[in-house]
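Peer 1: One-letter residues, chain by chain:
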Amino acid sequence: MTAVHAHDLHKRYGDRTAVDGVSLTVAEGEVLGILGRNGAGKTTTVEMIAGLRRPDSGTVEILGLDPWRDRRRVRQLLGVQLQESELHAALTVAELVRLYRTFYARPADTAELIEAVGLTGHRDVRFERLSGGQQQRLSIALALIGRPRVVILDELTTGLDPEARRHIWAIVERLRDDGVTVLLVSHLMEEVERLCDQVALLDGGRVVAQDSPAGLVETAGLGQRVRFRVGDGGAPALARAALDDLPEVGEVQVRRDQVTVTGAGDLLGAVSTALVRAGVVATETRLEHATLDDAFLALTGHTLSTDRTDHDLHGADR
Amino acid sequence: MSTTASPSDLADVPAYRPGLRSLATLVAAEARMVARDTAGLVVPIALPMLFLVMNGLGSSTEPLPDAGGMSAFDIYVLPLILVIGVATIGVINMPSFLAYYRKSGVLRRLGVTPASPVMILLAQLIVSVIQTALGVGLAVGVAVLGFDANLPSRPGLAIGVFALAAAAMYAVGMLVAAIAPTANAAVAIGLGTFFLLGAVGGMFGPTTNLPDGVAQVGELLPFGAAVGALGTTWLGRTPEPTHLLALAGAVVICGLLSARLFRWE
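Line by line, the protein sequences give chains L and Y. Just so you know, we're using the working numbering here: the first sequence kicks off at 394 and counts up by one. Just so you know, we're using the working numbering here: the second sequence kicks off at 870 and counts up by one.
Read the hints as simulated data drawn from the structure, not as lab findings. Treat the hints with caution; some may be incorrect.
[Unchecked claim] To give an idea of the interface, some chain Y residues facing chain L are shown, with a C-beta separation under 7 Å as derived from the structure:
| # | residue |
| --- | --- |
| 1 | Y885 |
| 2 | S891 |
| 3 | T894 |
| 4 | A898 |
| 5 | R905 |
| 6 | S973 |
| 7 | V981 |
| 8 | T982 |
| 9 | P983 |
[Said to hold, decoys possible] Restraint-style ranges between C-beta atoms, simulated for each label pair:
| # | chain 1 | residue 1 | chain 2 | residue 2 | range |
| --- | --- | --- | --- | --- | --- |
| 10 | L | E521 | Y | G1006 | 27 to 35 Å |
| 11 | L | Y406 | Y | V1086 | 41 to 49 Å |
| 12 | Y | G1025 | L | D517 | 42 to 50 Å |
[Unchecked claim] Partial list, computed: chain L residues near chain Y (C-beta under 10 Å):
| # | residue |
| --- | --- |
| 13 | G444 |
| 14 | R468 |
| 15 | Q469 |
| 16 | G472 |
| 17 | Q474 |
| 18 | Q476 |
| 19 | E477 |
| 20 | A483 |
| 21 | L484 |
| 22 | E488 |
| 23 | R491 |
| 24 | Y493 |
| 25 | Y497 |
| 26 | R499 |
| 27 | R519 |
| 28 | S532 |
Note that beta-carbon positions come from the ideal geometry of N, C-alpha and C, so glycine has one too.
Based on the provided sequences and hints, a complete structural model is requested.
Peer 2: Here you go:
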């Protein structure tokens, strides 16, 4: 069954087009990542899916229900964590959880839920005194309190330190294991690669591509790469001859004693076998996978974040 | 990984609407918010007390002629203090909470739950009414015990008129909440409105000291109309229709305007 179906969503703010014909389909139990730069239309898209913002045109169905017409049912089935949304500042963790519990027909247990997001030690701390990561975890807890079948999480780890981030990723992994459908908005490659079954790349208000993380890398024509060195003399030519006709191999590049082979499938296995057969001794053999980062660059024409660090640049260069 | 669900699975999803239990929990939550906002508690309790003590020490408790045994303190000061109490809560405090809830995204967050954001407005209103009742009870208690004040001879009428005055103040407050972009702006606009209405409505001395035109307008605005109407009930008389109409008009006009202008985000 389709958990989320968005068809041809459009949204304009004044003369700026935020979302320009987005269609998304998420199967039940699937984790879909929506990846894009700031201003790509990610938040507007999920706000329309969540029934917070009316699309100018297009339709949304959550488990077959319209979020506006069947609002009351959809609100019981859909949990939403909004970007930068505060809660009652002077209420404690336990008070907020108990308050939101009363909104749902079949709520989760207060203590269990607080435990699940690791806030048991902070249950009597006011929202305003929690750290950013703790506030975020509480926010996720409240999105899960009605035992939703579909959860929308918008930028759930933005601004958090790596440890807090991993803690929250573990929560999402548990949701995935429980078969909950998750729509995850992110601009972090690592997050999407780790958590998502499917990724939709959003750019300029459009879906540029939707596939599994590995599928996107393949679509972008960025398969795997095997690099190795061979001895001088005739070895590079021998290697080329041995590899050129393999079905797994796309292209062979030789620069002096260094050979780079790009291709798909069990590339490393095929290359190794062929080299052994041809009697070529390869050293320093390395298998390199293109990343989602590389795919994003290839599919959209620009890098994901605008403020890239040296580390990211190096990473994208792999 | 993907689980299949037949459409009949959805049939047992209740179109559940949060009810009185939710509202009660929300009222308790709002009460905690108000009680923990120490600064916000000072004005509605301290200001009426300040006026009570200053006026109580200065004005005469001698019965006035033709006033059924009531003194100037009973007829002028007590109504004024009750109106100050309800106006500070309705016009300054409540809007600041609502503007904060909108600005910070609390209303938006509630909008994606089965609860309607209208519930939070209702809960704030209930808490404000409770707060007003406590503040007024305290002020009247101190006035009676400390300054020999008399209670109105027709308490039912007085309570009815006070309820109308309170509704007018909350309507003004809702309008402030509707137009204020932030909590700070709400406090600023609320305070400004409160002092303006108070100044032309007799908060800083008898309206006879004001220019005629200003006094006449002030009497038709919620503060002046409330003080006038409430004072009459202390005499056991029915308030002037102009005062009651002015209050009802404020409820209707400000109520409609705020419903029109209120933004949830």
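Peer 1: Against the structure, test the hints numbered earlier, and report the numbers of the ones violated in rising order.
Peer 2: Structure breaks no hint.
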